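Trainee: For reference, the chains in residue letters:
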Amino acid sequence: MSGVQLWDTRQTEPDYAKLGPAPECASNVYGQAIDLIELLDNTVPREQSLYINDNPAVGENPDRNKQHAFYFTADNCIGCHACESACAEKNETPSHLAFRSVGYVEGGSYPDFQRMNISMACNHCDDPVCLKGCPTNAYTKHTEYGAVLQDPDTCFGCGYCTWVCPYNAPQLDPVKGQVSKCNMCVDRLEVGLKPACVSACVGNALDFGVVEAVPENRSQAKTAIPGFPDPSISQPNIRFQQRSELPDEMTRTDTAPIKYRRSAEGDGYHAVLDPKLGKERSWNLGKLYSHENPLVLFTLLTQAAIGLVFIPALGAILGVDALHSVLTGDVLTFVLITAFLLSAGGLLMSTVHLGKPMRFYRGFNNLRYSPVSREGFGVAIFMAFAVITALASLPRNDLLNSALEGVAGTSFAVLDGSWLTPLLFTTLTLALLGGAGGLFYMIKCYLIPARPFWNHWQTASAFVGNGLSLGSLILGAIVILLVGVTESMPVLQTLAIVVAIGTALEAIGLIAHRHANRADAQHEGAASQYVQVTEFGKTYVLRNVLMLLNLSLAIFASLGSGDLLLVAWALLNVSIVCAALLGRALFYVLVIPTTMPGAFFWRNKGFADHAREIGLQKVVDAGLV
Amino acid sequence: MFFGRSKRNPVRIPTKPVVEWKYSTCNYCSTGCAIELGIGSDGKVVTSRGHAEADVNRGKLCIKGILEQELFESPGRGIEPLLRDTNDRPFTAVSWDQALDTSASKIKSIQEKYGRDSFAVVSTGQLLTEEFYTLGKLVRGCIGTNNYDGNTTLCMASAVSGYKRSFGSDGPPGCYEDFEHTECLMAWGSNLPEQHPVLYWRLKEAREKRHFPMIVVDPRVTMFAQWADIHLPITPGTDTVLMNAMLYVIFDEGLEDAEYIANHTNGIEQLRETVKGYDPKVAQRQCGIDEDTIRNVARLYAKAGVSMSIWTMGINQSTHGSDGVCNINNLSLVTGNIGKPGGTSLSITGQCNAMGTREWSSCSGLPGYRLLENADHRQEIAEAWNVDADFFPPKVGLKQTDIFPAIETGQIKGLWLVATNPLTSMANQGRIRKMMEKLDYLIVQDVYQDVETVEYAHAYFPAAVWAEKQGCHTNSERRVNLTRNALAPFAKSKPDFWVFNQMAKRFDNAANMNFPEDTETVFDEMKQLSVGQGRTLDISGMTYDRIEQARGLQWPFTQANAKNQQAGSPRLYVDGKFQTADGRANLISVNFVNNNEVPDTEYPFWMNSGRVVEHFHTRTRTGKIGNINKFSPTPYMELNPDAAVELGINHGDYVRAISRRGDAVVMVQLTQRVPPNMVFIPFHYHDCVNRLTLGLLDPYSRQPAFKQCTVRLEKVSQTLAAQLNLQRRAF
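Chains U and L, in that order, are what the protein sequence lines are.
Residue 1 is where the first sequence starts when you use our numbering, and the numbers rise one by one after that.
Residue 1 is where the second sequence starts when you use our numbering, and the numbers rise one by one after that.
Okay, chain U solo, but in the shape it has when bound (with noise of 0.2 Å):
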């Protein structure tokens, strides 16, 4: 080794902290090659140094440059915490975000009782979703060890990493609004020795080597036990033993809805839901006021920019003579202007919502990987030629002009010419199509394996069919303002039957969706339709019944005229933005990740949430913020 010592090592390193030797086999159990430079093809060099805390130093370990791996022996965990303390001491954690976690689950009848805690931390994936989301570019899959590694400095603190992971690897820190996590103790793999949770383990239940390598006196190289995620996801790097025979129902101590059924077909176990929470329905409004509260705003009023735009251009396209006339009207300057305010609003709250919102503009540096960074860039596409097109539009826009007549004699319509209407035709164009991609990887953002209740088509859905409703009424708010009630009255009709598809769009969704978290659906989708029905049971129906009055009002706005249309179309709008505002809230509130199982006060949401509402967090350090 050259340089400062990466990692201070006592001659007497007892063995069990020593890194054992590598398997045999070239690839690992998906199939990939080990070998992290073979598996890239020899294009990259093999004595990089990780530079950790800038130094060059280059580890002896032979083994550097191949996938390491976790190997947790589920029979020997005695849940002693020695891991998790030993992980907060090296990486100084506060009490409050922790690298590594130890949760369990249990079965039996007494005496006749098994409980199985399960410690996990970072899996350093084959496929890291993390990465893969990351919008600022903060993580790194090293040729080293198979690291994946994460720079604090870097993350702006959207916690898009802690949606995608399922096993809440990544650490949303809320006081320093960044992310951390498990670093695999590289440092310590430098020099042989084997992460300080591993050479902690008071149980021999957690070790550490290069993947696919079987510890001595075990036998086994499960990729998954009852409690953990489905390993399809992103191939994690950890391996299991798990022997002792567990009952056929294990649950889980903390409040999640959720329990582990022995499958029927003897592939392991499943997620199912644990109705342990009661069948009584409440409001628990209060409970929709969320973290994710931007991201309501933010999806919404985006939502409705884009729809906005692409009503009245679907319109001229497929030639509806109402919407048709609202594009070439002084309607489209107003709509491309409100369109951009909409979205600027809305990427102000989504900024909001960061951690470290001055560090917005790295959002774009994962283009290559990350939905959230093309979501961004696609609304930013939009809104830029929604104003472009805005600015363009001027020389047709007859109300400005004719008050700019009368107050300065001259217009914008001495600019109008030939040239402009190619002009409108291609930034609009360019506006429209990045709305649509911003809305698609807005949906794709949500499309995630580990969060079952989203990864739905209803996602997609919903977010088009608040589109059409919202673009709707702040179309219709729009004309009615520039060209009068009564002038307005056909232009409504029409609007009415986009709400009336959007709604109707929206449901159909919900239906499906319903049907695929239905309670003996195996993952946690059934236990967010749970909680759905019962802890916000009356909000609920409150939703439903809104979604149906849409429905209801729209179609009698689009038959109805005169005074009758004008009122249906009054109490569309408020009805429309009620059921959006409580579907988008539910729809954040609800999902449960496939994250592991938590203990009963650590990583239990709902201790969590009783600590807070009675302030004992604030008397004791129970490692909430």
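Any given hint could be a false lead.
[Claimed, not checked] Here are the computed lysine-lysine pairs in the DSS-like style, where the Cα-Cα straight-line distance is at most 30 Å: (1) K22(L) with K563(L); (2) K356(U) with K16(L); (3) K7(L) with K444(U); (4) K538(U) with K715(L); (5) K287(U) with K356(U); (6) K715(L) with K276(U); (7) K492(L) with K287(U); (8) K44(L) with K176(U); (9) K18(U) with K209(L); (10) K44(L) with K618(U); (11) K492(L) with K505(L); (12) K7(L) with K356(U); (13) K222(U) with K209(L); (14) K287(U) with K538(U); (15) K715(L) with K618(U); (16) K7(L) with K176(U); (17) K16(L) with K279(U).
[To be verified] These stretches of chain U come out as covered by chain L in the derived footprint (C-beta under 8 Å, 3 or more residues): (18) 45–58; (19) 108–120; (20) 149–161; (21) 183–192; (22) 577–591.
[Claimed, not checked] Label pairs and their computed distance ranges (CB to CB): (23) P75(L) with G278(U): 28 to 34 Å; (24) T580(L) with G615(U): 58 to 64 Å; (25) D292(L) with G268(U): 54 to 60 Å; (26) N544(U) with E455(L): 55 to 61 Å; (27) G266(U) with P17(L): 50 to 56 Å.
Just so you know, these hints were derived from the structure itself, not from any lab.
Quantities reported herein were computed from a predicted structural model and do not represent experimental measurements.
Each residue gets a CB set at the ideal place from its N, CA and C atoms; glycine is no exception.
Since the structure of chain U is provided, determine the placement of chain L on it from the hints.
Mentor: Just chain L now, kept in the frame of chain U:
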């Protein structure tokens, strides 16, 4: 592909810039792990690690040890001495001189008015051995009260008593290495994975190398019980019945070691006679373990080449604690399993230096396992200390659990508490509160000034903690190990050793006595007192440097051992000679009388209590470290889900537990770990389990039965309960 980005992000990992590593021994439990404290350039501790060469822990530490370095600057530490006239007034910060002068004169005036024994001193198992010795010298030699004890009466007294009754002397005869030799291990009321995680690891290592049967006796399905080859879910308080039934089978089937019994024990006839009443057919109805299993276990235990028993509070904290220990010793003796590698009867002690206080504090007599009842012993110590031998009482005084009732009856008027928190730790808290209120003068000497008992204090002495001091601990396998002073005491806090020395100066006898200024000189004094007439507790070959070099030495370690470069003694009684008059061990016959409070229709649940791995004692230390406390920041109760359904109690609800003594509001954790007629509540929390406990005393050891009483459960308003729970937490 995600690899090989041209520009890789920087890798930042916290560094530990250690200038010097200081040797230390963990200050929590009795396992006695050696720790290296990494000192940074500013003199503060920047990291720590388990000592890789120490045989005890071989580099490992548990959660408490790993984060122990955070103690030094944890919240609630005492900053300066405090005084007040009455405990309903606020404290005033004073100088050490003022605090000591006032307290000394209060002690004297109480003693003048009500007699020497009217002032009591209760210490702990947490101090360093030299401090215990000095406190003993101060109390026995200067203050002269006979009501002097340690909180070890709450944890280890039954083991001490049982060892003395069986073997003639205290001192665990085995060692941790026995795990590596035994062919059958039986754990009685011990939950190693939570109570002594590093010891559990030693056991696990041994079992991974060579599997041997493990039997765990525990009413709860702990992780230890879950992984035992045989788990015996016993009815609380009936261990001695199970032991007698095992002895019955051993004698009935001729599985005993007749030669060993004949050569090394007394009392076999009486024992055979007694256990005749414990045919497994009958015993099964009392202890809840079926007769076939009893026979199976007895045969397994007796037929193994070497067998060992370990036990902790499940045995000690019982009305039959001392008897239980004697009976475990009986099982070992009749099968010839004492003093052999892998064959022993090993008490797994509680506190880090419970052994040190047993050996040297003079709580139960005089230093070095000497007895007040022995005139020669009194004379020896009187000469060593230069005190009039008549100043010593001829009979040992009250134990902690009798000192408090003596406050209740008015015999004791003043109390000095050192590193113990009886308001949280003693049974029947309501009664303890009333006793505390009656004290004319209470001194609380502790690392933390937010210790609950300070509520009743007239004087508070802020103490230094762990490596802010220097001295030795003795662990569960008689290993004396060293803590080097690593950093200066926090704020104006002082080492307990210093406080005792300064207090001594204020008593007349001290004028003729010697109170050395440094602990190593004290250690030398103890060494001299450890030599003599076949005394097993011989530490005369040890020095601080030699202890550090060996990473701890097991006594007996004589000067001859040192001279010949030998190691300490892993085992006692290897030659079959015991510390009794005739050198033979006593087989103590134990008859079971059920005097426990048992479940009935009014109070249908057993109330069991115990430790959780992350906390120590009354959480005064572990409750202050967030990365520890977060795993159980508030009290909880394990309750069987089937029982909860009947009562309409949900997981996570608060319930009110009511006993014949009082009530407690506790959050419920439903789990099949406990039977349907039992609740389990960790004992660490203030205003919780000890509002319920009865704490009947063992007749020999005076140790309370914390684990056997009964409660009923009632539903409560969740809002009010949450408020109450919050109100009762200060950390």
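Trainee: Could you tell me which of the numbered hints above are not met by this structure, giving the numbers in increasing order?
Mentor: Of the numbered hints given earlier, those the structure breaks are 7, 17, 22, 23 and 25, listed in rising order.
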